[in-house]
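Protein chains: 2
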Amino acid sequence: MRNRVHNFNAGPAGLPITVLEKAQDEFINYQGLGMSIMEMSHRSTPFDDLMKQVDQDMRQLLNIPDNYNILFLQGGASLQFSMLPMNLLPKNGSADYIVNGVWGQKAAQEAHKLGNVRVVASTEETNFDRLPDLIRADLDPKAAYLHFTSNETIHGNQWPEEPRPLNDVPLVCDMSSDILSRPVDISKYGLIYAGAQKNAGPSGVTIIIIRDDLLEQVPQDLPVMLDYRLQAKKNSMYNTPPSFSIYMLSLVLTWLIDLGGLEEMAMRNARKAGKIYQAIDRSKGFYRGHAKTEHRSLMNVTFGLPSENLENDFVKDATEQGLVGLKGHRSVGGLRASIYNACPIEAVKTLVEFMSKFQGEYG
Amino acid sequence: MRNRVHNFNAGPAGLPITVLEKAQDEFINYQGLGMSIMEMSHRSTPFDDLMKQVDQDMRQLLNIPDNYNILFLQGGASLQFSMLPMNLLPKNGSADYIVNGVWGQKAAQEAHKLGNVRVVASTEETNFDRLPDLIRADLDPKAAYLHFTSNETIHGNQWPEEPRPLNDVPLVCDMSSDILSRPVDISKYGLIYAGAQKNAGPSGVTIIIIRDDLLEQVPQDLPVMLDYRLQAKKNSMYNTPPSFSIYMLSLVLTWLIDLGGLEEMAMRNARKAGKIYQAIDRSKGFYRGHAKTEHRSLMNVTFGLPSENLENDFVKDATEQGLVGLKGHRSVGGLRASIYNACPIEAVKTLVEFMSKFQGEYG
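Protein chains in written order, with my numbering: chain A, 4 to 366; chain B, 4 to 366.
Treat the hints as calculated values from the structure; they're not laboratory data.
Small disclaimer: the values here were computed from a predicted structure and weren't measured.
Incorrect hints may appear among the rest.
Remember, identical chains collapse to one label, so a pair may be satisfied in a single copy or spanning two.
[Unchecked claim] Each computed BS3-like pair below joins lysine-lysine, with the alpha-carbon atoms no more than 25 angstroms apart: (1) Lys116 with Lys236; (2) Lys116 with Lys237; (3) Lys25 with Lys55; (4) Lys109 with Lys287; (5) Lys109 with Lys360; (6) Lys360 with Lys25; (7) Lys236 with Lys360; (8) Lys55 with Lys295; (9) Lys109 with Lys237; (10) Lys236 with Lys109.
Pulled out of the complex, with its shape left as it was, chain A reads as follows (with noise of 0.2 angstroms):
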């Protein structure tokens, strides 16, 4: 593997290892047409095939159905957060947003800037270590739209499933962290979006999936690049979309069709988390989940030791070991272990072997 570490980065994160293998096999002569897939036109025959494949395996992998269409912008999910309201969220309406973590917070704090918005639910209080509770939540029946955050990388709580808007309040997700991770009933959404580089392919494209009725109530004369119909119409080619990190999310699509899609990715995935959380909870408290048992994330396990000292101590050495990227966001704090589609099972393996020896060592 050509001294590679394991990868728990929290994104940027690791990509498969036979992804990064194609793209530099024909990284200076892509399909034998004398350049690299990035000094292509974008207007040219090859690339607009490869526009047409990425649509086509996003449909099959997620279900997607026709009514929908799929962008693909720049920009990452801190510009939908604006981009939504933009072309959503009515001057005489209202949106709801439950607030999960911080990514939720920072969606509702930019949409505020440009509309009405209530945070409907929210867990703060106590540091995000759990889902609102949405049996009391006042949401309005006649909201823009109601946002949520379906994974929180920080914090490490994940929606087991969505949140039931009332009536025909369209859904909207932020699912940044876990697209593409597990099955998703799309008809059930209004507008998903998602920043690529978690464990969809590199940073600089963003995928937005977005029913087309909602496309009709687009303001006119949006700014042209931050304008979903405009950007539908042009199947997200106004100007020259970002051609490498589409190219790069096309064969990461390849390698999930190639493994049996995501009912098979999702029970990897459950298999990962399960091992890790496995350990913390058989340590005897020497480990602390951060996020509740029951809204734990598949994808970002947040987890503390007795002491700050330790902690150190822990990502120090595992970096030693080639086990990188351990250390907890400092609004946590503690230490996170990302496990993307994309991270095998043997960094798995292999951390938790670490966790346990690390735990005899100073347990």
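With chain A held as given, fit chain B onto it using these hints.
Same frame as chain A, but now just chain B:
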């Protein structure tokens, strides 16, 4: 050269072969760190070092004074068409636009959605075959800024030197298709922006050079991703940057420094363009340049043939001989040879030989 073609694409365009080879070489294991640059956290030391190096190399190559910030954002020049007025065109102000091609026109149209815009000079009447004469232009001495496009890719015209604004009106330039192709006196500008995918790297990253004092004029409460001041404060890393595109840009900058910098590059570019224009001028009217002689672009050579049929044959024969990307943009027609920094003199010589042979056969 691994069967590489001669690449005359208008953008995305060819990259230096040594740059591609270096990237390919360390594609899976960047600097021996056991992962690809695109799998690395943007908060890690190696990535931070890369960002600092890019900033430093840009400053060295373009001799950028200390009171300018360099940003690396997403969305291409088209997003800048909107970000610029959002940040620098106050509600009660007005901006002047000089229009010497389709890109300048789009820049003005997008700004017009957000504020008061005056097109102070345009050569649309003659299908942008020349630069406008500014002597009789009604420049606003109180304009928020004066905007121009240094090189118009589609029409093939280029400003030999920048227009001079009145008083201290900040000069703003879309430099997408000639940045880093020649030395520029940055101190004459308030803001420069450029998509990277022509002279500077692959698509997916946009370079912005902005003078300190203009950041102070940015209004409060812009969307974070569209706020120059915030992006400057966060060193272009409010969220995950387009890592791989920035990395490729860094390799191109190193390549430019190694070959002797922008004086040398400008000399090479003038020599390349000179050869093709000479072939046009000596063809006794068989080849017809689109742009007026004194406004010709050194980046995009636009020309036609006596008939559309001949033009189609030209493109077809050239492609068969490994000269690709020569079809002109539909709004001008004819042919276009884009000969950015990375296009080697050998490709230009091959093209000129082909032109001579083609004329011999069909002229």
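Note to self: With identical chains, the pair Lys236 and Lys360 could be close in the same copy or across copies; at 25 angstroms between alpha carbons, which is it: within, between, both, or neither?
What the structure shows: neither (56 angstroms within a copy, 43 angstroms between copies)
query = Checking Lys360 and Lys25: alpha-carbon separation at most 25 angstroms within a copy, between copies, both or neither?
reply = neither (36 angstroms within a copy, 40 angstroms between copies)
(message) Reference check for the pair Lys116 and Lys237, CA-CA at most 25 angstroms: within, between, both, or neither?
(response) between (28 angstroms within a copy, 20 angstroms between copies)
Status of Lys360 relative to Lys109 across identical chains (alpha carbons, at most 25 angstroms):
This pair counts as neither: shortest intra-copy Cα distance 39 angstroms, inter-copy 62 angstroms.
With identical chains treated as interchangeable, where does the CA-CA distance between Lys55 and Lys295 reach 25 angstroms or less: within a copy, between copies, both, or neither?
neither (41 angstroms within a copy, 40 angstroms between copies)
Is it within, between, both or neither when you check Lys116 against Lys236 at 25 angstroms Cα-Cα?
between (27 angstroms within a copy, 20 angstroms between copies)
Self-check item: Intra/inter-copy verdict for Lys109 and Lys287 if alpha-carbon distance must be at most 25 angstroms
Solution: Neither way: Lys109 and Lys287 sit 36 angstroms apart in one copy and 64 angstroms across, limit 25 angstroms.
*Between the shortest in-copy and the shortest cross-copy C-alpha distance, which are at most 25 angstroms for Lys109 and Lys237: within, between, both, or neither?*
between (29 angstroms within a copy, 16 angstroms between copies)
Review point. 25 angstroms Cα cut-off: does Lys25 pair with Lys55 within a copy, between copies, both or neither?
Key: Within one copy only: 20 angstroms inside a chain, 30 angstroms across chains, cut-off 25 angstroms.
With 25 angstroms as the alpha-carbon cut-off, assign the pair Lys236 and Lys109 to within, between, both or neither.
-> between (29 angstroms within a copy, 18 angstroms between copies)
The structure fails hints 4, 5, 6, 7 and 8 (numbered hints given earlier, in ascending order).
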